[in-house]
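Chemist: Sequence:
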Amino acid sequence: MRQIHESGENYLEVILEIEREAGVVRSVEIARRVGVSRASVSKALGVLRDLGLVEPSYYGDVVLTEAGRARAQRVRRRHDLLSRYLRDVLGVSDETAETDACRIEHVVSDELIEIIAAYLQQEDNP
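Numbered according to my numbering, the sequence shown spans residues 949 to 1074.
Be a bit skeptical, because a hint or two may be false.
Here are the simulated distance ranges between beta carbons [what the hints assert, rightly or not]:
1) N1073 to R986: 42 to 48 Å
2) T1013 to K991: 39 to 45 Å
3) E1003 to D1036: 35 to 41 Å
4) Q951 to Y1007: 29 to 35 Å
Treat the hints as calculated values from the structure; they're not laboratory data.
Cβ coordinates follow ideal geometry from the N, Cα and C atoms, glycine included.
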């Protein structure tokens, strides 16, 4: 089985986001949000399908598998925690926090994410 890369995690995150907003995920919407061609989305979805993270439905919708949903939620949590930490604790602008969180979320350790989560929870409950 091939390993998922940063771009694959980004696709999973976008699929989860579209699903939450629209309920149905189409490759054309993924392409629009990621800023790539439908052919690029098709290729990426093929890789994600081979990894068991997405499956096509009968109507051409993109559906996360249980494993794909878990991975997408993990990436989304990391993104949200990092973005909030950068913005609220370090004072980084919203735009920079979002951009940097998207880059950092793929490379930081689980240990750091859990420390940030604990710190932010402590901030919420002084």
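Chemist: Flag every earlier hint the structure violates by its number, smallest first.
Modeler: Structure breaks hint 2 only.
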